[in-house]
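Order-wise, the sequence lines are chains V and C. The opening position of the first sequence corresponds to residue 1 in the working numbering, with each subsequent residue numbered one higher. The opening position of the second sequence corresponds to residue 1 in the working numbering, with each subsequent residue numbered one higher.
These are calculated hints, taken from the structure and not from any lab test. For clarity, every value in this text was computed on a predicted model and none was experimentally measured. Heads up, the beta-carbon is just placed ideally off N, CA and C, and yes, glycines get one too. Among the hints, a few may not be true.
Across the chosen pairs, the derived CB separations fall in these ranges [stated by the list, open to error]:
1. V:Leu18 <-> C:Ala30: 51 to 59 Å
2. C:Pro263 <-> V:Ser24: 49 to 57 Å
3. C:Phe56 <-> V:Ser123: 35 to 43 Å
4. V:Val109 <-> C:Phe56: 34 to 42 Å
5. C:Phe395 <-> V:Ser172: 25 to 33 Å
6. V:Val64 <-> C:Glu137: 29 to 37 Å
7. C:Leu388 <-> V:Leu18: 51 to 59 Å
8. V:Val61 <-> C:Thr21: 31 to 39 Å
9. V:Leu96 <-> C:Ala283: 33 to 41 Å
10. C:Val272 <-> V:Ala115: 24 to 32 Å
11. C:Val45 <-> V:Glu190: 57 to 65 Å
12. C:Val31 <-> V:Val64: 36 to 44 Å
13. C:Glu350 <-> V:Ala115: 37 to 45 Å
14. V:Leu18 <-> C:Ala352: 49 to 57 Å
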Amino acid sequence: MTTASNLLAFLCLAITLLIVWRQSWPARLRLFAAQSLLLAILAGTIGVLAQRRALLLVAAVVVVVKVWAIPRVLARIGSGAPVRRIAPGRSSGIALLVAGALVVAAYVVMLPVTAAAELPTGSAIPLAFAMALIGLALCVTGRDALSHILGFLVFENGIFGLAILATYGLPSIVEAGVFLDVLVIVLIMEAVVVQVRREHASIDVDRLRELRG
Amino acid sequence: MMLLVVLAIPLVGAALLWRATNRLATTLHAVTAASTLAAALAVAVAVNAGETLVAFDGLLRADALSAWMIALIGIVSGLAASEAPRYVVPGGPRRFYPIFHLFVFTMLLAVSTDDVGLMWVAVEGTTLASVFLVNFERTRASLEASYKYLLICSVGIAIAFLGTVLVYFAGIQQFGDETHALRYTTLLRLAPGLSPRVIELAFVFLVVGYGTKAGLAPMHTWLPDAHSEAPAPVSALMSGVLLSVGVYAIVRFKPAVDAAAGPAFARGIMLVLGLLSIAVAAAFLWTSPNYKRALAYSSVEHIGLVCLGLGFGGPVGTAGALLHVANHALAKSTSFLLSGRIRSAYGSAEIASVRGVMKHMPRTGAAFLASILALAGLPPFGLFVSELMIFAAGFKQGFPLVAGLALLLLVIAFAGLLRAVHRILYGAPAREPVGEVAGWRSAVPVAAALGVLVLTGLAWPPGFGEALDRLVAIVSP
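In isolation and in its complexed conformation, chain V is listed as follows (with noise of 0.2 Å):
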């Protein structure tokens, strides 16, 4: 379980390292779908090897929502958008530097939590919580309304992935509240950038600069 759990978790943080690195945005959106893939397994793999029956429940619905649904209507917010050629000045390298560091970090703030786990699978935690911290920062620096949602998406996807590790997943009602409210964001967001498309005949935020002081 150790085994299987720490692999799944590293490739999920590897496919987070590698949306850091690619800057088109279909290639992001396929490996933001291969990530919550990935965490299905993962929950499914715990489900089975704990004999959880929550947790198969809790992969499905992942299945449904993050790999199918949400990617649908991003693919769906991000179709007006050209394919994005990156931007003069910023490379990935110093953006795989800072993840990079961020991994180091993840484990060092993690330390109390793997000390005090007693679940075999408490070894991945730091790297959930890495997953989680780079989204965070793709979210925070992002500079497109595409970029901010797949940062949060993918922060979600790493602490969803460290509540599986560190507890066998949350009492269903507070699950079902996390999927239902991440569902809605992205629908409330497809929303607003649809409006602000209509307004500004483009999706960078950049142009939304009224409210300052």
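Since chain V is already given, all that's left is putting chain C on it; use the hints.
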């Protein structure tokens, strides 16, 4: 049962209002708001008589602290609801009323559950419901504000979720029983045995997360935009009680954190964030070009003060902080409602283009001035008393430096707010305003709110002190 009723009223109201239009909608809206207020006050009275309301195997639970918040949400939503019909014009964007009541429902749910997981879901629900209300006027600025609001608060609330996961992680290893491990009653009981390092880490995430919703600096950046661009009744709700719900979430975890990690840890965080919030607000109150924005920054200041009171602790500090939550809710929602009237009369929220409110809208102007003086912490209003309690606790508990610095910043903020308000209240307007909002019906809610503020400032009704004591017993046992 009573708890179910108070939650059901806004939910049913929202459902009925979904398809309603025109007069029917206005009537239904009024009925829903009035019955929410009545039910909330009934809950407060029942709990104040010593009863803890419980439903669904303890999933819903209202102790004195919950009842305090429920009453506050009921009162402020009633106040905001009375002003709402002014903003819902026939033929304009629809669904204001149902989303308004949905928003009220999510806030009520957040403060009346024992389960910190469900509380998280409800707090997130407040963002999702209110984001539509912020963008209700569909201008470019309100669109930008709602985008910022949704993004920043979603990230913040996800960080709070991380904290909740860690609390669950710590609790489940002690407790085992999964359905009850997220109950704060359970957490408080287990707290002495929880891993202090994990709880400290969790509390940092929780404070950052719920602090974002509460508008604490440096996570406050969404707040001035959302509060200034939303229609006035929504600003009143957001500034008055939504921020308080964020504070409430932090307060719910604080006793368990104090028991697990010692009181110094949470205190340090609260004092730093409180001071920082007041400092940021003091600076921006001087530079803000828009009076609704100035009011929003004043909310950052007051939430910072509440945080300081909680950080100083002790019976006086805690009671002062919780009283300040209520006083601020009343004063700020009143001033937002009045600022909305000024805005619609002059057609602008810019300080530079509004002059002479006192001359052209004497009643609105006088009431606005009164609410601003209340916000500035002057007697005879309640904020004077609660600020006095907070600072007394600061000096008494041995933080004269923090308290002194906060006082200095408060004076700067006070001057900044008064300067802005002075400019719009007096002088000759470049353009004549449309006219005074007339009729006793628009005067009653404002007068009532100011009256209650004088009451909490001058003469506490019998039993009020005991009610505050009960809150203190919950927050710092």
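Hint by hint, here is what the structure shows:
1. Our hint of 51 to 59 Å for V:Leu18 and C:Ala30 holds, since their Cβ atoms are close to 56 Å apart.
2. A C-beta distance of roughly 52 Å is found between C:Pro263 and V:Ser24, which places it inside the suggested range of 49 to 57 Å.
3. Between C:Phe56 and V:Ser123 the CB atoms are about 37 Å apart, so this pair conforms to the stated range of 35 to 43 Å.
4. For the pair V:Val109 and C:Phe56, the supplied restraint of 34 to 42 Å holds, since their beta-carbon distance comes to about 36 Å.
5. Evaluation of the 25 to 33 Å hint for C:Phe395 and V:Ser172 yields a failure: the beta carbon distance comes to about 49 Å.
6. Taken as a hint, the range 29 to 37 Å holds for the pair V:Val64 and C:Glu137, whose Cβ atoms sit roughly 36 Å apart.
7. A beta carbon spacing of about 58 Å between C:Leu388 and V:Leu18 agrees with the range 51 to 59 Å that was offered as a hint.
8. Between V:Val61 and C:Thr21 the CB atoms are about 37 Å apart, so this pair conforms to the stated range of 31 to 39 Å.
9. For V:Leu96 and C:Ala283, the Cβ-Cβ distance of about 37 Å falls inside the hinted range of 33 to 41 Å, so the restraint holds.
10. For C:Val272 and V:Ala115, the Cβ-Cβ distance of about 26 Å falls inside the hinted range of 24 to 32 Å, so the restraint holds.
11. The given range of 57 to 65 Å is broken by C:Val45 and V:Glu190, whose C-beta atoms sit roughly 45 Å from each other.
12. Under the hint 36 to 44 Å, the C-beta atoms of C:Val31 and V:Val64, about 39 Å apart, fit the expected range.
13. At about 55 Å, the beta-carbon gap between C:Glu350 and V:Ala115 misses the expected band of 37 to 45 Å.
14. The hinted window of 49 to 57 Å between V:Leu18 and C:Ala352 holds, with their beta carbons roughly 51 Å apart.
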